[in-house]
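Colleague: Kindly produce the complete structure, drawing on both the sequences and the hints.
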Amino acid sequence: MKTRLRFKIIAVLICLSLVGLLISQGYWLKGLYVSSKKSTWDNIEDAMRMADYMELFLRLDSLSNNNFHSQINPQFSFSQDTAWEKRKDSLSTDNMPISSPNSTIQYIEAAQTLNEYLQIIGTLERNVQMLMHQKIDTLLPVNYAQFNTLLKNGLKKQGITVPYRLQVIRKEAKDSVLYAYTDASEKGESWKDAVHFTHVIEPEYYYELELQSPDRVVFRQMAGILISSFLLFMVILVAFVYLLYTILRLKTVEELKTDFTNNMTHELKTPISIAYAANDVLLNYSSTTNEKQKKYLDIVREQLNHLSGLVEQILTLSVENRSTFRLHLETIQVAELLTPLIEQFKLKTDKPIDITTEVPEHMTVTADRTHLYNMLSNLIGNAIKYSGEKTCRIILKGTVSSQEMTLSVTDEGIGISEANQKRVFDKFYRVPSGNLHDVKGFGLGLYYVSDMMSKHNGSVTVKSQLGKGSTFTLHFKN
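Just so we're aligned: the sequence shown equals residues 0 to 477 in numbering that gives the first Met the number 0.
It is possible that part of the hints are untrue.
Claimed, not checked - Taking lysine-lysine and the DSS-like style, the derived pairs with C-alpha atoms no more than 27 Å apart in a straight line are:
hint : residue 1 : residue 2
1    : K294      : K347
2    : K396      : K421
3    : K350      : K293
4    : K170      : K151
5    : K345      : K294
No lab work stands behind these hints, which were simulated from the structure alone.
Modeller: This is how it looks when you write it as structure tokens:
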């Protein structure tokens with residue numbers, strides 16, 4: 000049940016991550032599109048302005064080559080008041096601290112921000128450009144075809160190759176078109192969705208540029224980023240899908256393993272029970288059993304006890320994840336539980352053991368009796384197994400505080416390194432000992448202890464030092 004819940008949580012988190020990534024990437028791409036679009040629009044306006052400049056200077060150069068420069072009066076006379084009114088209208092300088100337009104320097108000095116400064120400079124630039132038009136246009140007419148060629152080259156340099164239509168229009172009469180150009184390949188096509196740009200030549204005339212589908216330019220400029228973003232998202236999507244597929248397969252394998260374990264442990268319990276019964280009959284009810292046979296039958300019974308304990312542990316570990324698993328909690332006298340456990344180990348252990356009990360006489364703990372017995376049995380068994388050939392000294396200690404009760408098993412065995420202490424509670428993990436297998440086991444004992452303590456809403460800790468022994472402590476909350 001827990002495995003299914005975890006799988007669902009992982010699947011939901013992955014889906015939320017993908018949606019979040021998609022939204023954030025879409026938001027970023029939208030901002031990039033707006034920025035690229037503005038940059039493209041600025042480039043188009045710059046191309047129109049530069050084409051106008053180039054056309055002006057080409058005419059000026061033509062006049063100079065034809066000795067018409069004397070006809071150009073460098074003193075441009077225009078109404079300062081009129082120019083000021085135009086600047087004021089275009090810049091909206093109501094908040095500027097200028098009492099009267101006495102000079103251009105005053106306008107620039109009046110700028111309070113960089114944007115205002117750039118606006119004033121841009122206005123002055125346009126005014127100068129219009130003044131040049133007013134003077135030069137009287138001597139040599141505007142070459143609109145030349146402007147169109149320069150504009151086309153300028154747009155091409157900016158990577159803008161969409162079809163366009165160019166017109167020169169008189170302001171006073173909207174229908175008065177002085178010049179018109181349309182891409183030959185696009186004549187007769189719809190210009191309903193075209194984007195319009197204007198550039199004033201003189202107060203009476205202006206260029207009007209219409210571009211068909213300029214968004215294509217923006218998307219073309221963003222093509223690399225769009226493709227890379229799409230590929231990145233697809234790679235992450237495939238990785239997440241593969242991750243879910245792998246988790247699902249592992250979940251299936253885990254379920255198969257659990258079913259196999261359950262079936263095998265239940266099947267093993269039947270022959271073990273029969274062997275127990277046969278051993279008991281031969282040991283207790285047979286009149287022909289001699290001392291030597293009795294010794295071997297005792298060994299068989301001891302191994303059957305060991306095998307039965309392993310089967311019970313494996314069965315418990317496989318059933319614990321099921322919804323049917325329940326702890327049978329009761330109040331247990333710790334000293335009463337420890338007495339038969341200690342006697343059992345003293346009887347079945349070949350090496351000399353010295354077990355000291357330091358448990359308060361009336362100390363009780365709320366736990367499942369069977370599992371608490373098995374946990375303490377595992378800890379004491381490990382202390383005996385890893386004590387070496389010397390006398391095994393074990394201290395069983397119990398403490399009671401306002402927050403918790405603890406039961407600890409301390410030995411003077413070989414100890415555990417700090418690196419291995421982090422993994423001793425992992426399932427099937429055993430401390431590496433090279434090719435030596437002098438201590439039997441499957442790496443389930445401490446995992447069982449850790450798992451059962453978590454079921455009891457408690458924990459187990461270990462303190463150990465190589466060559467000096469270990470202390471395993473069970474922590475029960477009050």
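Colleague: All the hints need checking, so say for each whether the structure fits it.
Modeller: How the hints compare with the structure:
1. With a CA separation close to 13 Å, the supplied pair K294 and K347 stays within the 27 Å bound.
2. Distance restraint check for K396 and K421: the Cα-Cα separation of roughly 23 Å lies within the 27 Å cut-off, and the hinted pair is therefore satisfied.
3. Note on K350 and K293: the hinted pairing holds, with a Cα-Cα distance of about 21 Å set against a maximum of 27 Å.
4. Note on K170 and K151: the hinted pairing holds, with a Cα-Cα distance of about 24 Å set against a maximum of 27 Å.
5. Restraint check: the Cα-Cα separation between K345 and K294 comes to about 17 Å, which is no more than 27 Å; the hinted pair holds.
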